[in-house]
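S.K.: Listed below are the residues making up each chain.
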Amino acid sequence: AQSVTQPDIHITVSEGASLELRCNYSYGATPYLFWYVQSPGQGLQLLLKYFSGDTLVQGIKGFEAEFKRSQSSFNLRKPSVHWSDAAEYFCAVGAAGFQKLVFGTGTRLLVSP
Amino acid sequence: SAVISQKPSRDICQRGTSLTIQCQVDSQVTMMFWYRQQPGQSLTLIATANQGSEATYESGFVIDKFPISRPNLTFSTLTVSNMSPEDSSIYLCSADPSPGDGYTFGSGTRLTVV
Numbered sequence: 012a013q014s015v016t017q018p019d020i021h022i023t024v025s026e027g028a029s030l031e032l033r034c035n036y037s038y039g040a041t042p043y044l045f046w047y048v049q050s051p052g053q054g055l056q057l058l059l060k061y062f063s064g065d066t067l068v069q070g071i072k073g074f075e076a077e078f079k080r081s082q083s084s085f086n087l088r089k090p091s092v093h094w095s096d097a098a099e100y101f102c103a104v105g106a107a108g109f110q111k112l113v114f115g116t117g118t119r120l121l122v123s124p
Numbered sequence: 093s094a095v096i097s098q099k100p101s102r103d104i105c106q107r108g109t110s111l112t113i114q115c116q117v118d119s120q121v122t123m124m125f126w127y128r129q130q131p132g133q134s135l136t137l138i139a140t141a142n143q144g145s146e147a148t149y150e151s152g153f154v155i156d157k158f159p160i161s162r163p164n165l166t167f168s169t170l171t172v173s174n175m176s177p178e179d180s181s182i183y184l185c186s187a188d189p190s191p192g193d194g195y196t197f198g199s200g201t202r203l204t205v206v
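Chains as they are written, first to last, in my numbering: chain A, 12 to 124; chain B, 93 to 206.
Treat each hint with caution, since some may be false.
For the chain B half of the interface with chain A, some residues (derived, Cβ under 8 Å), not all of them [to be verified]:
| # | residue |
| --- | --- |
| 1 | Phe-125 |
| 2 | Thr-140 |
| 3 | Gln-143 |
| 4 | Leu-165 |
| 5 | Phe-167 |
Quick list of the computed label-pair ranges, beta carbon to beta carbon [claimed, not checked]:
| # | chain 1 | residue 1 | chain 2 | residue 2 | range |
| --- | --- | --- | --- | --- | --- |
| 6 | A | Ser-29 | B | Thr-171 | 22 to 30 Å |
| 7 | B | Ser-190 | A | Ile-22 | 28 to 36 Å |
| 8 | A | Glu-75 | B | Thr-109 | 43 to 51 Å |
| 9 | B | Pro-177 | A | Ser-14 | 37 to 45 Å |
| 10 | B | Gln-130 | A | Glu-26 | 42 to 50 Å |
| 11 | B | Pro-177 | A | Ser-91 | 25 to 33 Å |
| 12 | B | Thr-136 | A | Pro-18 | 17 to 25 Å |
Honestly, the hints are just simulated from the structure, not real lab data. Beta carbons are placed, not taken as given, at the ideal position from N, Cα and C, and that holds for glycine.
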């Protein structure tokens, strides 16, 4: 069965500092991997996705993620965090063909001045 | 990517009543998905809705409690029936119009049962 682990419940980063959010997945075949962001009181916005090809994926808002099959990881990174990045971040895994997504428990990002 | 309009955005309901949540997609989609996000928690899939057939429910969710309709390829409803305070959650619908687009989510319905 698919599963996703986000080991960090909360992370606090100073504005302007770099960010890395961890995500590990378990899936028997080639996974479809996603990062979503949820601001307070809002729905989910897709940041980026990986289906195949280049393992370094660029997304919106300056985010990128790297797929490492050997480590079953899909970590999200941003070189310089802005105060507006404070939100909940969810990693998710799915399969091909309009299948459901399985979400991690989320990481809440706090940005300090 | 697709845009999903979900309503209502929030509601406060009395226990024992029912609430129907609607999702409208701006393009035809094969599958629609309904998720629940309990306070401070991650998203859990309730059911998958395929047009023209009965929805497929995940373990722990039953049709009598969460009936779903999928009358066409752009619309779906989820009803939360006989509500109790434990049903207070955010409910979200989702769809993936075509492989490679990534799943789009509605803005969610924040339900409070009193």
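S.K.: Against each hint, give a clear statement of whether it holds in the structure.
M.R.: Verification of the supplied hints:
Proximity of Phe-125/B to chain A holds as hinted, the smallest CB-CB distance being about 6 Å (cut-off 8 Å). This hint holds: Thr-140/B has a C-beta 6 Å from the nearest C-beta of chain A, less than the 8 Å allowed. With its C-beta approaching chain A no nearer than about 12 Å, Gln-143/B sits outside the 8 Å limit, and its interface hint is violated. Because the beta carbon of Leu-165/B sits about 12 Å from the nearest beta carbon in chain A, more than 8 Å, this interface hint is broken.
Among the interface hints, the one on Phe-167/B is violated; its C-beta lies about 17 Å from the nearest C-beta in chain A, farther than the 8 Å criterion. At about 45 Å, the beta-carbon gap between Ser-29/A and Thr-171/B misses the expected band of 22 to 30 Å. A hinted range of 28 to 36 Å holds for the C-beta pair Ser-190/B and Ile-22/A, which are about 34 Å apart. For Glu-75/A and Thr-109/B, the hinted distance range of 43 to 51 Å is satisfied, since their beta carbons lie about 46 Å from each other.
At roughly 29 Å, the beta-carbon separation of Pro-177/B and Ser-14/A lies outside the given 37 to 45 Å, and the hint is violated. One distance hint, 42 to 50 Å for the beta-carbon pair Gln-130/B and Glu-26/A, is violated here, with the actual separation near 31 Å. Roughly 43 Å separates the CB atoms of Pro-177/B and Ser-91/A, a value that falls outside the hinted 25 to 33 Å. Taking the beta carbon of each, Thr-136/B and Pro-18/A are about 20 Å apart, inside 17 to 25 Å as hinted.
Violation of the numbered hints given earlier is confined to hints 3, 4, 5, 6, 9, 10, 11; the remaining hints are satisfied by the structure.
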